[in-house]
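Starting from the structure of chain A, add chain B where the hints point.
From first to last, the protein sequence lines stand for chains A and B.
Residues in the first sequence are numbered consecutively from 1, following the working numbering.
Residues in the second sequence are numbered consecutively from 1, following the working numbering.
To be clear, the hints were calculated from the coordinates, so they are not data collected in a lab.
Where a beta carbon is used, it is the ideal one built from N, C-alpha and C, also for glycine.
Each hint should be verified, as a subset may be incorrect.
Claimed, not checked - Below, in silico cross-link-like pairs of lysine-lysine (DSSO-like), each with a Cα-Cα straight-line distance of 27 Å or less:
#1 B/139 to B/154
#2 A/17 to B/6
#3 B/245 to B/6
#4 B/154 to B/6
#5 A/14 to B/6
As the list claims (entries may be wrong) - Here are a few chain A residues that sit away from chain B, every Cβ distance over 10 Å (derived from the structure):
#6 24
#7 32
#8 34
#9 36
#10 75
#11 152
#12 157
#13 159
Unchecked claim - To give a feel for the contact side, a few chain B residues facing chain A, derived at Cβ under 8 Å:
#14 6
#15 8
#16 32
#17 37
#18 45
#19 49
#20 99
#21 103
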Amino acid sequence: MEIERRYELLINGKECKVESSWLGESLMYVLRERLGLWGTKNACEQGECGSCSVLIDGMLACSCLELAATAVGVDITTVEGLGAPDNMTDIQQSFIDEGAVQCGFCTPGLVVAVHDLLLSNPAPSGQEIKEALAGNLCRCTGYGRIEAAVVKVVQQRHE
Amino acid sequence: MPIRMKVFLPTSLEDALGILRASPGAHVLAGGTDFMVEMNYGHRRPERILSLRFVDELRAWSREGATLVLGAGVRFADILSSEIATLSPALAQAARTVGSPQIRNTGTIGGNIATASPAGDTLPVLWALEAMVNIRSEKGERRIAIRDLVTGVKRNELAKDELITSISIPVADGPQEFLKVGRRNAMVIAAASLAFACNRSERRIACALGAVGPTIIRCTDAERFVGERVDWERLMVPSERDRVKFGELCSEATLAVDDHRSTARYRRHAISVMAYRAVARMS
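The shape of chain A in the complex, shown without the other chains (with noise of 0.2 Å):
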């Protein structure tokens, strides 16, 4: 396949179509600038922060290193695709119970990364956690509340 301009890509179980000027523009910037889905935050633009984490055939990715135009045909779901404000998931509801958000910045990024991690890892320890969310930082509330929103959502899963 070749693309010299237009592409759709398949985000949240939808075709979006892209109409790009640049197809030098990552999976980052065409959620949020092309396509309106501005949960997927941008901060750092080198794959440090983890705040435009997204899934990618289900895998953990940094959608600010993704070139959009190489992601057709593979699935891809953003924060938008996990939950919504009127359906929050129990890991949203979580990190608000425990008071894992503060400016809310890096949230999506977190969330997103707490879904991949509980999947893979339905019971992980203290040490698991810390390495699992790595890769998105926070600037405010410390990560200790972070890592109780995420204890909390297996106990109750668990329950």
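Using the frame of chain A, we list chain B on its own:
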């Protein structure tokens, strides 16, 4: 003015090589974890990109007797979550130190080699194991030792129509270690790294250093010194003084410089400590 770009998404190696022949300037995109940073920051504006995302042949790996053949598209996460981790423990240790889960799910071993950063995490391991890199173009196939493929800082000697298809390394034949220091445990580019591999059948030790020179450095003097002092029955270096000396000799092999990540002095010190630890952990 927007730059006209074209993105190629071949689904077979044959198609990928054909595209490279027809568009020899096309930039080959593997995982993209280094390349996309340069794109995002405007340091690179290639007109043609060949993505290897859908070339499944490159994602495969196999064991052929005492040799492990890893497709260039094998991701760091694949190394950790498969039998590769037991067949090549140092490679798995190195893969585990790469970036974050996000980066390990994306970056590939072929990309690590082609990018040829002195701090590439798997490179010291591949140097210590004397990896052979298998390369293809439409004209044919060739094999080259990794030390000959990487020619300098972020430089390799691949021709424009060539692709790395796989990497051949020996299955571990004795204890192996990979050690790395940086400012954090996670998400860090090495300030210094070290790979250590024992070869029991040949009774020799190999040791290679990362991020302390323009390319990876083999510590041949240190290897010879310690190889003669191993108790091969007990698989250990009995003398504490010899273990310390091994660290010093590795440190002397460095070509470390001061840069934004660390200082030459600290790097030399870190190498001596890591080398000592590697040899102490043998038994």
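Results of checking the hints against the structure:
1. B/139 to B/154: Holds, at roughly 25 Å.
2. A/17 to B/6: Roughly 17 Å separates the two Cα atoms, so the pair holds.
3. B/245 to B/6: Violated, because 55 Å separates the two Cα atoms, which is more than 27 Å.
4. B/154 to B/6: With a Cα-Cα distance of about 25 Å, the restraint between residue 154 of chain B and residue 6 of chain B holds, given a limit of 27 Å.
5. A/14 to B/6: 25 Å, holds
6. 24: 5 Å, violated
7. 32: 13 Å, holds
8. 34: Holds: least Cβ distance 14 Å, greater than 10 Å.
9. 36: Given a closest Cβ separation of 20 Å, the condition holds.
10. 75: Correct as stated: the minimum Cβ-Cβ distance to chain B is 13 Å, above 10 Å.
11. 152: Fine: 21 Å to the nearest Cβ keeps residue 152 of chain A off the interface.
12. 157: Nearest chain B Cβ is 20 Å from residue 157 of chain A, so the label holds.
13. 159: Given that every Cβ of chain B is farther than 10 Å from that of residue 159 of chain A, nearest at about 27 Å, it holds.
14. 6: For residue 6 of chain B, the interface hint holds, since the closest Cβ of chain A sits about 5 Å away, which is under 8 Å.
15. 8: At about 6 Å, which falls below the 8 Å cut-off, the nearest Cβ of chain A leaves the hint on residue 8 of chain B intact, so it holds.
16. 32: Cβ of residue 32 of chain B sits 6 Å from chain A, so the hint holds.
17. 37: 4 Å, holds
18. 45: 7 Å, holds
19. 49: 7 Å, holds
20. 99: 7 Å, holds
21. 103: Status holds, d = 6 Å.
When the structure is compared with the earlier hints, violations turn up for hints 3 and 6 and for no others.
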